[in-house]
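**Student:** Based on these hints, arrange chain B on the given structure of chain P.
Here the protein sequences come in this chain order: P and B.
Taking my numbering, I'd label the letters of the first sequence as residues 182 to 441.
Taking my numbering, I'd label the letters of the second sequence as residues 173 to 787.
Read the hints as simulated data drawn from the structure, not as lab findings.
Just so you know, not all the hints are guaranteed correct.
[Said to hold, decoys possible] Pairwise CB distance ranges, derived in the manner of DEER restraints: (1) D567(B) / S208(P): 35 to 45 Å; (2) H404(P) / V595(B): 48 to 58 Å; (3) R290(P) / P222(B): 21 to 31 Å.
[Unchecked claim] Simulated pairs of lysine-lysine, BS3-like, Cα-Cα distance not exceeding 25 Å: (4) K249(B) / K420(B); (5) K233(B) / K378(P); (6) K378(P) / K535(B).
Owing to the predicted nature of the structure, the values given are computational and were not obtained by experimental measurement.
We put the beta carbon where it would ideally sit given N, CA and C, even for glycine.
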Amino acid sequence: MNLVVCLKQVFSTEAKIRISPDGRAVSDEGVEWVMSPYDEYALEEAIRIKEATGAGTIIAISIGPDRCTPMLRSALALGADRALHLKDPMFDSVDALGVARALAAAIRRNPCDMVLFGRMGVGMDQGVIPAMVAELLGAPMAGLVVKITVDAEKVRCVREIDGGSEVVEMALPAVVTAQKGLNEPRIANLKGIMAAKKKPLDLLTAADLGLAAPDLQDVRLVHESYELPAPRTAARLLQGDPADTARQLVQILRNEAKVI
Amino acid sequence: MGTPAVKVREGTPPADAPETEAPAGAKGSGGFLTSPVSAAGVFVREMFTPDQLDFADTARKFVDTEVLPRLDEIEHKKTVTVGDAEMLLVVQILKKSGELGLLGAEVPEEYGGLGLDKITGMLIAESMSGCPSFSTTVGAHAGIGTMPIVIFGNEEQKQRYLPLLASAEIVSCYALTEPGSGSDALSGKTRAVLNADGTHYAITGEKMFITNGAWADIGIVFAGIDGKYSAFIVDLRSPGVSRGAEEKKMGLHGSSTTSLTFDGTLVPRENLLGKPGDAATIALNILNLGRMKLGFGSLGTCKFAIDRTVAYGRERRQFGRPIIEFDMQKGKLGTMVARTYAVDALGYRVVGAIDAEIAKLPKGEGYQQAVAGVLRNFALEASILKIAGSETLHDVLDSAVKMHGGYGFVEEYHVERLARDNVIDMIYEGTNDINRMVIVDSLVRAIYGGVIGSREYMEQVDSALRTGRLEIPAVDGPLGQEVARVAAAKRAVAFAVNEMILNCGTDIKNEQQVMQAIADALIALYGMESTLARALAGRARPIPAAIARLIVHEGSQAIARLTAEVLSHVVTGGRLPAKLARLDALNRQHGAVVDTMALRTRIADSVIEAGKYNL
Numbered sequence: 182m183n184l185v186v187c188l189k190q191v192f193s194t195e196a197k198i199r200i201s202p203d204g205r206a207v208s209d210e211g212v213e214w215v216m217s218p219y220d221e222y223a224l225e226e227a228i229r230i231k232e233a234t235g236a237g238t239i240i241a242i243s244i245g246p247d248r249c250t251p252m253l254r255s256a257l258a259l260g261a262d263r264a265l266h267l268k269d270p271m272f273d274s275v276d277a278l279g280v281a282r283a284l285a286a287a288i289r290r291n292p293c294d295m296v297l298f299g300r301m302g303v304g305m306d307q308g309v310i311p312a313m314v315a316e317l318l319g320a321p322m323a324g325l326v327v328k329i330t331v332d333a334e335k336v337r338c339v340r341e342i343d344g345g346s347e348v349v350e351m352a353l354p355a356v357v358t359a360q361k362g363l364n365e366p367r368i369a370n371l372k373g374i375m376a377a378k379k380k381p382l383d384l385l386t387a388a389d390l391g392l393a394a395p396d397l398q399d400v401r402l403v404h405e406s407y408e409l410p411a412p413r414t415a416a417r418l419l420q421g422d423p424a425d426t427a428r429q430l431v432q433i434l435r436n437e438a439k440v441i
Numbered sequence: 173m174g175t176p177a178v179k180v181r182e183g184t185p186p187a188d189a190p191e192t193e194a195p196a197g198a199k200g201s202g203g204f205l206t207s208p209v210s211a212a213g214v215f216v217r218e219m220f221t222p223d224q225l226d227f228a229d230t231a232r233k234f235v236d237t238e239v240l241p242r243l244d245e246i247e248h249k250k251t252v253t254v255g256d257a258e259m260l261l262v263v264q265i266l267k268k269s270g271e272l273g274l275l276g277a278e279v280p281e282e283y284g285g286l287g288l289d290k291i292t293g294m295l296i297a298e299s300m301s302g303c304p305s306f307s308t309t310v311g312a313h314a315g316i317g318t319m320p321i322v323i324f325g326n327e328e329q330k331q332r333y334l335p336l337l338a339s340a341e342i343v344s345c346y347a348l349t350e351p352g353s354g355s356d357a358l359s360g361k362t363r364a365v366l367n368a369d370g371t372h373y374a375i376t377g378e379k380m381f382i383t384n385g386a387w388a389d390i391g392i393v394f395a396g397i398d399g400k401y402s403a404f405i406v407d408l409r410s411p412g413v414s415r416g417a418e419e420k421k422m423g424l425h426g427s428s429t430t431s432l433t434f435d436g437t438l439v440p441r442e443n444l445l446g447k448p449g450d451a452a453t454i455a456l457n458i459l460n461l462g463r464m465k466l467g468f469g470s471l472g473t474c475k476f477a478i479d480r481t482v483a484y485g486r487e488r489r490q491f492g493r494p495i496i497e498f499d500m501q502k503g504k505l506g507t508m509v510a511r512t513y514a515v516d517a518l519g520y521r522v523v524g525a526i527d528a529e530i531a532k533l534p535k536g537e538g539y540q541q542a543v544a545g546v547l548r549n550f551a552l553e554a555s556i557l558k559i560a561g562s563e564t565l566h567d568v569l570d571s572a573v574k575m576h577g578g579y580g581f582v583e584e585y586h587v588e589r590l591a592r593d594n595v596i597d598m599i600y601e602g603t604n605d606i607n608r609m610v611i612v613d614s615l616v617r618a619i620y621g622g623v624i625g626s627r628e629y630m631e632q633v634d635s636a637l638r639t640g641r642l643e644i645p646a647v648d649g650p651l652g653q654e655v656a657r658v659a660a661a662k663r664a665v666a667f668a669v670n671e672m673i674l675n676c677g678t679d680i681k682n683e684q685q686v687m688q689a690i691a692d693a694l695i696a697l698y699g700m701e702s703t704l705a706r707a708l709a710g711r712a713r714p715i716p717a718a719i720a721r722l723i724v725h726e727g728s729q730a731i732a733r734l735t736a737e738v739l740s741h742v743v744t745g746g747r748l749p750a751k752l753a754r755l756d757a758l759n760r761q762h763g764a765v766v767d768t769m770a771l772r773t774r775i776a777d778s779v780i781e782a783g784k785y786n787l
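Next up, chain P with everything else stripped away, as it sits in the complex (with noise of 0.2 Å):
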């Protein structure tokens, strides 16, 4: 079974969130950048399943700038295959639906049976590009997946819903997104690491991939402006009976939080 993962790389969890001085991005100044927790279960299942059914093979994507490039050779360390780096500075402007058609050339150019995504990129949290990616290939797709059977022709899926679970089956190709509860990933094998940079990291452009300026150029979601939320502020401790701090309380609640 041949398999893709898409792969984003985000900050780490413990990355001090600011804002740039224009207010419209979020800066990545010194920031660590790791594998999206939800894109690890996606590889970890990918390689369970190659390692089930004993054959094919998995390639990994990954659409960035260069710092791209130690993730995707984790990822193969890991046990991908390969891996593709979509890089070209066209893809620098592009919205998510410009990622996806990134992605969508570079999986039709490598026919597979199924796409593995985590949920959702952690961080931006918009979770739209599986389903874009599933559109543009006209595959069938399931998210938010804890178990996963495959066969040759179909996959089984347990999804997550409010309050329990739904099976779905589908027929191959399709795309999967992955929630927590899928797996637990392992760790990179030292030997792993080290066949890892025998393994083929391949570079691609727009061009490599077919893909037009106009393409790109279609961008219909602009951020317009990020905050940060409101700092917390230290408690006050009022003083006094009983009487006295209550009202106090609705002194500062009408004038200060003006709320009432």
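**Tutor:** Leaving out everything else, chain B in the frame of chain P:
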């Protein structure tokens, strides 16, 4: 790999080394004492390759997911059932780490390992820290229990044992110490006698304080053959081997420490490691490696303890504020961070220099012996690393416990256990006292042997001090003042070493307090120079530069005191006042007004903001 941004020239003796060569200090034997201060050729952690970072990541993730959540169970020696065999949890975790390849980093590829360099091996040791009971179990197995076979084993021994050790299918230990033979390690009474057929040695004797004693399958056991102290690979499942009860220890409760008694245990002749009489070579080389690993383990635990302390101090509020924001706490944190950075700098400097020397060796016959030769040349630096690592960790944990307040005294917050576990770091792999003597002993041998070309240097320093023309020119560029101060400190230490040699001669061995002071001065000097080199290699970014200023200042002060103490003791008669005055002049000339409090605050602030040690 970045070329260091700053080429430092001192302009005073000795002449700068040729530009293409790493400085003489990069060859070990204390050569740093007589080499110019330079960032050139100094390996720093900022030079790690992506692969090395990935290996470290695997090691850290393994500890985070498999070890730290189970520390209490490890501490109480919990057993688990694997298949139908019962084993200790810590042994099961050891075997899991073997599956990931974490135990075979330094085992050659042809014997089931990864054949990685020493830098990587040490980085893995650093990353598998914060869990000393587990780390010492790993160290006894993969370090001192495996490396004797890697370095001194013959082809048959390597093929037979190394693949099983790299994967931890069998567990090893190292049995040198005896009830009556601790620091005097080669005086053991255990005997090995060849049987009449010449097929087996019968080993008889008792070994003491053996890490992994309760569960090791094999051991590197030292015993005398007709008075020649030798090493054997012994199957501990054979008849005639008995294991003592677990020692009741101050710390490391999750590791096993027992005695091993051999009562005519038969060991096949082919299990002799090296030749009869090779014990000294094997034991001392392996100790060098073990000492460095211990230093790096301590380094990792320093960072772990700092992270815990920062996390606690940000969370814990008193007087309406997180306690880490209080100035006195910042002062302590700044010191913890700066000293940890210094151990990092000196540790990777040593191991980077070792790898550079090993890389020059031709592969093939005799390669491992040549590697052993390189390790031997760095005995002095390995001892510095062991002492600096374990004692820095001691001080870091002392502060960490106190900065946790009452919670520092209870198990739940890690630092209580770490503080107990750290004590042994200052005792095993050669006590720190013994290591101080190794430092001075190695230096004196290197000087007498002409290894580090020091005589001319010493004479130049002496004559320059006498005539008062020891001008260390101001160095332009960032940290120029610190470069001059390290250069001055080198001269002060060299002056004291020279006086020690001139006045004590062969009587040095009886002047252990002098040896101690000289060793401490050398440790301070190596630490401040390495810190400075690392900060310079990183283009003197603000926090590393602040750390370098602090460490150089504190080191200079310590060296001024230690060298004056040495002179006051060894220089006799009326010559003392003049000599002390020369030393004073040197120290005064390169003294500086440094606002250490502001530096500590600045260093602490950056770590508090990051929420963890991030250098």
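**Student:** Each of the hints needs a verdict: does it hold here or not?
**Tutor:** Do the hints match the structure? See the list:
1. D567(B) / S208(P): 35 to 45 Å: At 37 Å between Cβs, range holds.
2. H404(P) / V595(B): 48 to 58 Å: Hint holds: Cβ distance 55 Å, inside 48 to 58 Å.
3. R290(P) / P222(B): 21 to 31 Å: holds, 27 Å
4. K249(B) / K420(B): Cα-Cα ~13 Å, so holds.
5. K233(B) / K378(P): holds, 21 Å
6. K378(P) / K535(B): holds, 23 Å
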